[in-house]
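Number of protein chains: 2
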Amino acid sequence: MTTALTGHKIGFVGLGNMGAPMARHLHAAGAEVTVWNRSEGPAETAVADGLKRADSLPALAEEIADGVICVNLTVTEVVESVVFGKGGLSEKLHEDALIIDFGTTGVPATKQFAERVGGNWVDAPVSGGQVGAEAANLTIMAGGTDANFSRAKPILEVVGEKVTHLGPPGSGQVTKLANQLIVAQTIDAVAQALRLAELAGVDSGKVREALRGGFADSRILDLHGDRMVRRNFEPGGRSTWQLKDVRLICELAESIGLESPTLQNCRAMWEKFVVEDGNGDLDHSGLFRVYE
Amino acid sequence: MTTALTGHKIGFVGLGNMGAPMARHLHAAGAEVTVWNRSEGPAETAVADGLKRADSLPALAEEIADGVICVNLTVTEVVESVVFGKGGLSEKLHEDALIIDFGTTGVPATKQFAERVGGNWVDAPVSGGQVGAEAANLTIMAGGTDANFSRAKPILEVVGEKVTHLGPPGSGQVTKLANQLIVAQTIDAVAQALRLAELAGVDSGKVREALRGGFADSRILDLHGDRMVRRNFEPGGRSTWQLKDVRLICELAESIGLESPTLQNCRAMWEKFVVEDGNGDLDHSGLFRVYE
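Heads up: the protein sequence lines correspond to chains V and L, in order.
Using this note's numbering, the first residue of the first sequence is number 6, and each one after it goes up by one.
Using this note's numbering, the first residue of the second sequence is number 6, and each one after it goes up by one.
Careful, some of the hints might be misleading.
Same chains, same names: a pair is fine if it fits in one copy or spans any two.
[As the list claims (entries may be wrong)] Once the Cα atoms are required to be at most 30 Å apart in a straight line, the calculated DSS-like pairs of lysine-lysine come out as: (1) Lys97 - Lys211; (2) Lys211 - Lys249; (3) Lys116 - Lys14; (4) Lys211 - Lys91; (5) Lys97 - Lys116; (6) Lys57 - Lys277; (7) Lys249 - Lys57.
Keep in mind that the hints were calculated from the coordinates and are not lab data.
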């Protein structure tokens with residue numbers, strides 16, 4: 006049987022909650038997938054599912070040669086270390102290999118990384134969470150040269166439902182940060198609105214229902230508004246990651262001269278909520294608690 | 006022909022962009038509608054369309070007797086003056102008359118007004134703008150006793166598509182202010198996100214498209230995001246009215262003890278944009294200009 010990725014050799018680094026199902030979807034689509042993961046368990050599970058495993062990052066780079074290596078890691082520093090650090094991919098990286106970074110990584114760093122691998126870098130941060138990764142219907146915001154985007158596209162289309170090419174390397178990360186800025190601030194707005202209603206003696210569940218479909222409607226009002234009404238702050242999307250993204254947004258805003266008191270206030274809110282009040286493990290809709 | 010409001014006697018005060026089509030829909034639904042408007046033109050047009058006209062507010066109150074009087078005015082002070090002021094409705098208001106206030110009026114004031122007319126008050130602020138008023142598909146957030154809401158319901162259902170009863174008098178206004186809080190802050194968030202993208206060299210139209218359907222999606226991203234991308238700030242919804250609503254939100258927040266640095270920042274943004282920079286006649290999506 007020939008499927009979308011038959012004949013493709015793909016490396017996959019980082020088998021977390023999202024990386025693991027994504028690597029499995031690539032395998033199911035016919036690719037020969039070789040994985041590497043810092044901890045043993047996820048790599049062993051992948052092997053049991055028929056994927057290959059590399060003993061080290063340089064060995065993975067050697068195995069993939071001029072193919073595609075996907076990385077799905079948590080923070081910019083880990084991406085740098087895995088690709089360029091001691092014992093990293095770059096020790097054996099083929100000059101024609103293409104790296105696809107599915108994580109949310111800083112914009113200035115992404116541009117540097119792309120230069121350091123001769124341009125063969127596609128930033129492809131995703132939206133949709135673990136549920137989207139498992140269902141292979143992620144929204145993907147991609148940056149890279151036209152040629153590299155074309156090369157990455159069949160892979161992106163296996164794990165994503167909506168794939169948009171925004172421009173040169175870094176453009177995908179810029180778009181993801183625009184997304185996260187709206188999410189961070191809309192969660193805050195919905196939290197205030199529902200709490201305002203409660204304190205004024207009006208049922209917040211009824212208010213949420215009344216607002217659906219109108220100008221105030223959003224995915225955040227729908228999904229996170231419901232969590233706020235029910236006080237269900239199990240993650241979901243951890244507040245720690247929301248703060249990480251808000252910091253990246255501020256870094257980008259500063260580097261391009263976007264001045265925004267709202268953004269300063271937004272950062273102060275999330276810093277206090279996560280760092281000072283210790284709520285990093287709550288779902289980001291838990292920001293509601295600030296108003297209780 | 007018998008229609009929804011056959012046999013109803015309804016007064017309508019305030020034939021602005023929204024009030025005029027709403028009064029006409031009530032007439033078309035079979036009600037005998039008597040109007041009053043401060044300026045001549047709209048009242049004359051209404052008479053030409055078959056509606057009745059009262060010479061004064063007390064005359065309108067006398068004509069309607071124990072029926073329903075709708076008011077659709079711009080600010081709290083005008084509502085107070087029209088209902089309770091010298092030459093206002095209350096000079097001849099029947100004790101069983103019901104007032105429906107379609108405007109966005111302050112919450113503490115609404116509760117007072119309701120008391121002053123013996124409880125016969127339904128606050129029914131709307132969302133959907135002039136387009137929604139003309140299409141009779143407004144979203145209506147209603148507050149009032151169960152008995153008065155039942156009395157108002159056939160009228161609300163003629164002009165609105167989605168009618169929700171939130172609780173006692175004032176609850177509709179609370180809900181409308183929750184709506185406006187989300188709108189004011191989401192416009193700001195979308196403005197920052199799109200401008201962040203532009204300053205980082207990414208096409209804001211493409212970013213808006215890439216974000217549609219994801220966690221950052223909202224009616225504001227859809228409608229107002231498009232206005233920002235195209236720099237089309239013709240109203241639409243004037244920034245003057247957005248600021249008026251933000252002030253009402255702050256008044257309510259203070260009266261119930263909701264503390265929010267975000268809300269303080271939001272008010273400061275809109276005050277500067279409208280009062281200091283003189284942008285009150287721009288559509289509220291024009292807040293984007295703050296970031297240019």
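Now for the hints, and whether the structure bears them out:
1. Lys97 - Lys211: Neither, since 59 Å and 36 Å both go past 30 Å.
2. Lys211 - Lys249: between (33 Å within a copy, 25 Å between copies)
3. Lys116 - Lys14: within (25 Å within a copy, 69 Å between copies)
4. Lys211 - Lys91: Neither, since 56 Å and 38 Å both go past 30 Å.
5. Lys97 - Lys116: within (21 Å within a copy, 73 Å between copies)
6. Lys57 - Lys277: So Lys57 and Lys277 fail the 30 Å test inside a copy (43 Å) and across (60 Å) alike.
7. Lys249 - Lys57: Close neither inside one copy (32 Å) nor across copies (63 Å); limit 30 Å.
In the structure shown, a violation is registered for the earlier hints numbered 1, 4, 6 and 7, in ascending order.
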